[in-house]
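J.: Below, each chain spelled out in residue letters.
There are 2 protein chains.
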Amino acid sequence: MKIPVDLKFDDNGLIPAVVQEWKTGEVLMVAYMNQASLKRTVETGLTWYWSRSRQKFWQKGEMSGNVQHVKDILYDCDQDTLLIKVEQTGPACHTGERTCFFRRFS
Amino acid sequence: MKIPVDLKFDDNGLIPAVVQEWKTGEVLMVAYMNQASLKRTVETGLTWYWSRSRQKFWQKGEMSGNVQHVKDILYDCDQDTLLIKVEQTGPACHTGERTCFFRRFS
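Respectively, the protein sequence lines represent chains W and F.
Residues 0 to 105 (numbering that gives the first Met the number 0) make up the first sequence, in order.
Residues 0 to 105 (numbering that gives the first Met the number 0) make up the second sequence, in order.
Everything labelled a hint here was simulated from the structure, so no lab data went into it.
Some hints could be false.
One copy or any two copies: either way a pair holds, since identical chains are not told apart in the list.
In silico DSSO-like links for lysine-lysine, alpha-carbon gap of 30 Å or less [as the list claims (entries may be wrong)]:
| id | residue 1 | residue 2 |
| --- | --- | --- |
| 1 | K38 | K22 |
| 2 | K38 | K1 |
| 3 | K70 | K22 |
| 4 | K7 | K55 |
| 5 | K1 | K55 |
| 6 | K38 | K55 |
| 7 | K70 | K38 |
These numbers come from a predicted model, not from an experiment.
Please model the complete structure; the sequences and the hints are all you need to start from.
T.: Below is the structure:
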């Protein structure tokens, strides 16, 4: 898998990634990548992000074991957002919910 | 539909919204809302965004007619991202593609 040369990272060097369960289409989470974490994701087949609050790399599931196996990576017409289709091991959310989007407007 | 009081907008007053076709689960686009465009979305049942490049409101489909009827709005565990499930009229992408995510890493 090759990283397109025309991807656009923002002023902080980041690009948002929407993460979707590849079989069910469920949207699991949104996180941010920089060029290096995207490279690591492509190379390892597991998702690596950049934490804006902690200013460090993190691999999804590195502590919990709930890793994401990358199945497909798409990008949008503006080349500034990624859509990563994954096979999620266990719940995606740190709360134990299957997806981070577990609350709705009432 | 009520806007949760604990939603977090970023330093520019924006929150990203992942837009998903409610029936198929297809991710159509990602755009940004501010408090006012979110309010307008909730009130009208159609999606309104804030354009970062043009610094103005825009209603999806206001020119093309390809509007998005809001079916459900969810938010994530960090309260800083929206997931909007819509019924999309016509293609979502200005290129004429059904979704903005029509290109993949080769």
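J.: Each hint: holds or not?
T.: Status of the hints after comparison with the structure:
no. : hint      : verdict
1   : K38 x K22 : within (24 Å within a copy, 33 Å between copies)
2   : K38 x K1  : within (9 Å within a copy, 40 Å between copies)
3   : K70 x K22 : both (10 Å within a copy, 22 Å between copies)
4   : K7 x K55  : both (20 Å within a copy, 22 Å between copies)
5   : K1 x K55  : within (24 Å within a copy, 35 Å between copies)
6   : K38 x K55 : within (15 Å within a copy, 34 Å between copies)
7   : K70 x K38 : within (15 Å within a copy, 36 Å between copies)
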